[in-house]
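Protein chains: 2
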Amino acid sequence: MSSPFSFKLQHSHGLARAGVFTTAHGEVKTPIFMPVATQASVKALSPDEVTALGAQIVLSNAYHLYLQPGVQQVHELGGLHQFMGWPKPILTDSGGFQAFSMGSLRKIDDSGIRFRSHLDGSEHRFNPQLATENQQGLGADIIMCLDQCIAHGVSKREVKVAMERTHNWALECYQVFNESAGPESQALFGIVQGGAFPDLREESAQVITGIPFQGYAIGGLAVGESKEQMYEITAQVAEHLPQDKPRYLMGVGSPEDLVEGVARGVDMFDCVLPTRVARNGALFTPEGRVDITKRRFSQVNRPVDQDCDCYTCRNFTAAYLWHLFRAKELLALRLASIHNLRFVVRLMERMREAIINGSFDSFRGEFNDTYRPTNAVARQEHKDRWLESRSA
Amino acid sequence: MSSPFSFKLQHSHGLARAGVFTTAHGEVKTPIFMPVATQASVKALSPDEVTALGAQIVLSNAYHLYLQPGVQQVHELGGLHQFMGWPKPILTDSGGFQAFSMGSLRKIDDSGIRFRSHLDGSEHRFNPQLATENQQGLGADIIMCLDQCIAHGVSKREVKVAMERTHNWALECYQVFNESAGPESQALFGIVQGGAFPDLREESAQVITGIPFQGYAIGGLAVGESKEQMYEITAQVAEHLPQDKPRYLMGVGSPEDLVEGVARGVDMFDCVLPTRVARNGALFTPEGRVDITKRRFSQVNRPVDQDCDCYTCRNFTAAYLWHLFRAKELLALRLASIHNLRFVVRLMERMREAIINGSFDSFRGEFNDTYRPTNAVARQEHKDRWLESRSA
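Protein sequence lines correspond, in order, to chains A and B. For the first sequence, the residue numbers in this note's numbering are 1 to 392. For the second sequence, the residue numbers in this note's numbering are 1 to 392.
The reader is advised that the hints may include incorrect statements.
Each pair may be met inside one copy or between any two copies, as identical chains are not told apart.
Said to hold, decoys possible - Listed below are the simulated DSSO-like cross-link pairs for lysine-lysine, each with C-alpha atoms no more than 30 Å apart in a straight line:
1. LYS227 <-> LYS294
2. LYS88 <-> LYS8
3. LYS88 <-> LYS328
4. LYS328 <-> LYS294
5. LYS227 <-> LYS88
6. LYS294 <-> LYS43
7. LYS29 <-> LYS227
By construction, these hints were calculated from the structure, which means they are not laboratory data.
For reference, chain A alone in the conformation it holds in the complex (with noise of 0.2 Å):
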């Protein structure tokens, strides 16, 4: 193939592993963490912020972008890059997460997804081509399968008609992908899936790997399962992955879950929940999350976390976020969201030079002897405090 994609591993240390990938778009150092651009902007930052925290490649939405503004827009434009100006490299995903759990009609068969739009109700469809087609539309340097992701606890069954239907379709986006243009500006990366069955997860790996994607994503995770079943089946799922391709742990990105998640041979991770709880309060700090809309944080007149580099930490104290939670001014979103994407950003970073030089596993344990996870009490109520302030 004639894509511009190739990835180096440069050092592992355990399953840890830093490396390089080269797209169309520049460098990224791995392990990496990709700020969330759904909708092609980082919720509430320009792309001049997005850069200055260090972020290497941002993922947006293909489900969002084709129902506004539209694939065809995009293109016309000049492409997603140049429309959200955004020069550094992009993944895309294909939407199919979306189109099922957002759209309202919501029909999967083995030909596709049929949804109508969250926005308007109209009718719309994905299969493997079309999904193939948005992403090389919009033209970000990382696409990604179609595939379907399916809830925890369901049955057995149902999560190996899912796994199959998603390797019929992978293979059909590699065929899709391959026959068009893509490939020379492009790189498709395939997406193993099997619930929490590490029999299915095993045949998933296998089978996907079996197609010479450029990467490859654990997708169907974070979905409901325990963190412990959710590691267990990233450590499983890695040990099948080909040494000389990127790994990428799909919707994960809470700093214990990256942590974790390198520490299995991951290298990279998406998650809007560095942005969608610092816009309810919620500040990532060394020790754990803290609730800036508490009144205790009302006079302290130093950073919320002393030892953070970002433009939040550097310029503002902990009592003027408070104030701006407060009443309610949109500039808090803004500094809430850089200092969190900082937060995880520094984190990868961290853990790359460990990698490096031979410390992650000292790094991984003063880690978690310090950082307390947000328990599932406080996730609960930021999730709630989130969905309410969503329906208003």
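Take the given structure of chain A and dock chain B to it, following the hints.
The following block gives chain B in isolation, referenced to the frame of chain A:
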């Protein structure tokens, strides 16, 4: 007085004036537009962006800051400049107008204003002494007398009562101000009232300029009178204001009003209009306001205003702004606010240059030939949309 505040009139062209005033936080070249940071934040913008778009001074509101986070709170956190990360000059309004227009109780008599917080219904009181002390506690460079601004259309008797009260309060504010430590770092401006009655305006101008304030404001305009009336009263009052002090037309800031205000001898302006209409998608161009949410912008692959040097126009197309507004992305509000503020700040810069060059008359003529003010219908539509979005 030992205040560092001074004003120097540098040039004039007809009645239009170019000058400079000096504060404890630096110089401000006039004529000037002051972006409004009601709650210690210019809505949607960071201090860096406000600086980058050329603003030299911002206005903040003592009513809002008194209620949230509180004057004492801001004072203890180092004062308003440090709190909001804005090292340049700040002017605070006394908050009397907001106490009377936003509070739900709103009792006013010669001793002051009683009001209920629009946030939690708690009862509060402003009088000349408290209003002055609040602003001293916040630490702005320029603070305003407590005044009574009255709606357009009320009887002359009522306007006269409010005016005379304003005069008494002005004297009281002056006395409180001069008996305190304030003058060492702050300047106090008086406010002329008198509604749309020329004889009252003349009387008010004489009484207020009889008190040696460091600057004089024209209050009580842009409250419902016609533009012609506003221009006439502005001209009439300005005639009675001393040449050697800055003149400030409060709450005025549409592009055409800025030009006409400068033409009548005004040096300073503030208004939420540029940022408020921006958040509804109304963007200034040399030909007038456009509504970026209209579909005709969806394919416009160039900046909204090709002549504009703002961050938004240098980096993003009208089509992308259209998309961001359609997709309800937060970045839309910011990019639109940056553009509109830069538009008015640049308009002031160009007027200053024209005054210095002796070409203000032709500048004004060309501007008025090209710029089509938003008509009353469109203005009402924007107001409705704003009210709607507030109640949502």
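Verification of the supplied hints:
no., hint, verdict
1, LYS227 <-> LYS294, "within (28 Å within a copy, 46 Å between copies)"
2, LYS88 <-> LYS8, "within (19 Å within a copy, 49 Å between copies)"
3, LYS88 <-> LYS328, "between (32 Å within a copy, 24 Å between copies)"
4, LYS328 <-> LYS294, "both (14 Å within a copy, 28 Å between copies)"
5, LYS227 <-> LYS88, "neither (32 Å within a copy, 49 Å between copies)"
6, LYS294 <-> LYS43, "both (23 Å within a copy, 22 Å between copies)"
7, LYS29 <-> LYS227, "within (26 Å within a copy, 59 Å between copies)"
Going through the hint list in order, the structure does not satisfy hint 5, though it satisfies all others.
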